[in-house]
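J.: Chains A and B, in that order, give the protein sequences.
Taking the working numbering, I'd label the letters of the first sequence as residues 1 to 487.
Taking the working numbering, I'd label the letters of the second sequence as residues 488 to 687.
These are calculated hints, taken from the structure and not from any lab test.
All residues carry an ideal CB built from backbone N, CA and C; glycine is no exception.
Treat each hint with caution, since some may be false.
Unchecked claim - Under the rule of at most 25 Å between Cα atoms (straight-line distance), these lysine-lysine pairs were calculated in the BS3-like manner:
(1) A/LYS74 <-> A/LYS84
(2) A/LYS84 <-> A/LYS72
(3) A/LYS247 <-> A/LYS9
(4) B/LYS522 <-> A/LYS84
(5) B/LYS673 <-> A/LYS442
(6) A/LYS9 <-> B/LYS673
Stated by the list, open to error - To give an idea of the chain A side of the interface with chain B (calculated C-beta under 10 Å), a few residues:
(7) GLY106
(8) SER160
(9) GLY298
(10) GLU302
(11) GLY373
(12) ARG438
(13) GLY440
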Amino acid sequence: MSSGTLYDKVWDKHKVTELPNGQDQLFIGLHLVHEVTSPQAFGMLRERDIDVAYPGRTFATTDHIAPTEEAKRKRPLEDDQAEKMLDALDTNTAENGITFFDFESGRQGITHVVAPELGLTQPGMTVACGDSHTATHGAFGSIGVGVGTSQIRDILATGSIAAEKQKVRRIEVEGSLNEGVYAKDIILKIIQELGVDGGVGHVYEYGGPAIEELGMEGRLAVCNMSIEGGARAGYINPDETTYDYLKGREYVPEGEEFEQLKEYWESIASDADAEYDDVVTIDVDDMDPMVTWGINPGQVVEISEPVPAPEDFETETDQEAAQQALDHMDIEPGQSMLGYDIDVAFLGTCTNGRVSDFRRAAEILEGHTIDDGVRALAVPGSETVRRQCEAEGIDETFIEAGFQWRRAGCSMCLAMNDDSLEGDEAAASSSNRNFIGRQGSKDGRTVLMSPVMVAAAAVEGEITDVRRFYDDRADALTAEDVSEVAD
Amino acid sequence: MVDKPQHITDVSGTGVPIYGDDIDTDQILPARFMKEVTFDNMADYLFYDARRDDGEFNDHPLNRFAGANVAVVNKNFGMGSSREHAPQAMMRWGIDAVVGESYAEIFRDNCKSLGIPAATADHETVTEIQEWIEANPDEDIHIDVEAETVTYGDTTVDVEIDGAMQQALVEGIWDTTSLMYSNMSKVEETVADLPYIEAE
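All chains should be built: construct the whole structure from the sequences, respecting the hints.
T.: Written out as structure tokens, the structure reads:
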């Protein structure tokens, strides 16, 4: 059993009582609501004639079904089903006195982008949302958990969830990142090493020099994909980087109140002598950019590594899974992902739809145009991100390169709006899941990578080593280099 | 809502093997079918893409074992999205219990919320049950939630059901809203002690 960790401290602080089934009733300090998983929960509440217990701790936005084309963001929405969902959220938030960041608010966007940038997410909180990527909020040293609709009902009714404490695995990330290698590559590396079910039964505490060096947006990207590693939550202890980010945000108190809160934030960080259930060390020194080759985020390689063969895996089921992935992606074992043709480039999502992601991608796109055959979408994670990018002229760089510059939403990450892969299109994607059918077509192919790698792929029309774009360095890898490795 | 008994001590019915590790919720219930404000039609969308080739039903187990109550799955079943639509679709299709090697956490939590026991067993046991179902598609599997056993044919094996899930199902306290609603005064005490709420 862990002790003295941030997880232990935040849990104890929010534990209401032990339930008769042995679970803990845990208070949720910030409840984020979106249009897809909440209408049924509000319906259940209505059936029971119960009011929302903590409307002031509940915030709503619309993201999954939000049209990202300017012309399509008029109410009623063209898509009847989407309009119905949005209408339900309008009604449910208005009736219950819940703040809703709708299209008119200027703050609409993906829950996991909006809450951090407004300062709603703070260290030492428990955060829940009907979306698995609630793990994102752990970047602040909070405990963020994704929940199902019945649990949304629980939170609306009681401000609490019934939950069991998990084990805590400390992931010590050693080394420092090469040029062209980012937070997204770190988390893909962690999932490569520990597996997509490596985190089952655990929350992940990320630490070590490579994590401490990350800015808040990089930390959000790392924690975001904890769920892809099977962990229910992932977090990073708050430090000066965290406090600097929070200062001046809309929902963060100022002056003395800020200092008082900071005392709490500092107090909940893991103790130097904290005990963990497990400690794992991952070295990211000299690591190359990561790309997926398969149909789950654990089927991933450094760009210098060849695609594995089924026989490289131990169990029969892993071998079958690898074969299925190779068939779906239409690639051969030993092949390099460099040179893999892409039809679509997608930059955005709760993993990589933040200002720094667009800034870095814009640096790659500057002075280049995207390949003729590529459909390229830049979708800011929130309207705040969009405005900031536009203020910096980043949108112009994207548009001049040939990208479509869109409005905020989840977009082609799960294709619940109009943005979708068609047929067997292959996408270079900054999103978090490469599952079959994830981007809206059951034959579609998704290759996960960092934002700069997406920008580079858009320009080349194929997966490429982004380091070619930094002063045309001669040491960037080519497919030939990788097949030499394979030999 | 589907009516369920409050106390779930055992489940019986024919089985359906759903093969493969790491089956994600996007396969179980593709995102495009979540654009409905109720769960009513979710059964129609269960494994929608996997069950069809060019629009025609294929030999997916859910097509071959229609009417089954017990799904027998492999490792890390239900990974990915938190969407309750996935277990809702299974329940509304007819699944009353799941036996598998392991589950993604949120998926298992969602099963508990719906009163669906999710039992675990090792790879060999799960494989044997899957093979047995293939040979005996019309025979019942019996899951004793209290005793944590699965009986198929003449064989009874021990399985594990997470402690909290087992107790909640057997004692009829899996409706966590009512359970927690009775503790609202304690919730207020907890809130009063949270610095970030005082500070508002």
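J.: Hint by hint, say whether it matches the structure.
T.: Against the structure, the hints:
A C-alpha spacing of about 14 Å is found between A/LYS74 and A/LYS84, which places the hinted pair at or below 25 Å, so the restraint holds. For a cut-off of 25 Å, the pair hint linking A/LYS84 to A/LYS72 stands: about 15 Å separates their Cα positions. For a cut-off of 25 Å, the pair hint linking A/LYS247 to A/LYS9 stands: about 23 Å separates their Cα positions. Between the alpha carbons of B/LYS522 and A/LYS84 the distance comes to roughly 9 Å, so the proposed pair stays at or under 25 Å and holds.
Taking the CA atoms of B/LYS673 and A/LYS442, the gap is near 48 Å; set against the 25 Å cutoff, the hint is violated. Among the hinted pairs, A/LYS9 with B/LYS673 is consistent with the structure: their alpha-carbon atoms are about 19 Å apart, no more than 25 Å. Look at A/GLY106: its Cβ only gets to about 23 Å from chain B, farther than 10 Å, so that hint breaks. Among the interface hints, the one on A/SER160 holds; its C-beta lies about 5 Å from the nearest C-beta in chain B, closer than the 10 Å criterion.
With 10 Å as the threshold, the beta carbon of A/GLY298 comes within range of chain B, its nearest partner Cβ sitting at about 8 Å, so the hint holds. Hint status for A/GLU302: violated, given a least beta-carbon distance of 21 Å to chain B, over 10 Å. Look at A/GLY373: its Cβ only gets to about 26 Å from chain B, farther than 10 Å, so that hint breaks. The restraint placing A/ARG438 at the interface with chain B holds, with a minimum CB-CB distance near 5 Å, inside the 10 Å limit.
The closest approach between the C-beta of A/GLY440 and any C-beta of chain B is roughly 7 Å, which is under the 10 Å cut-off, so the hint is satisfied.
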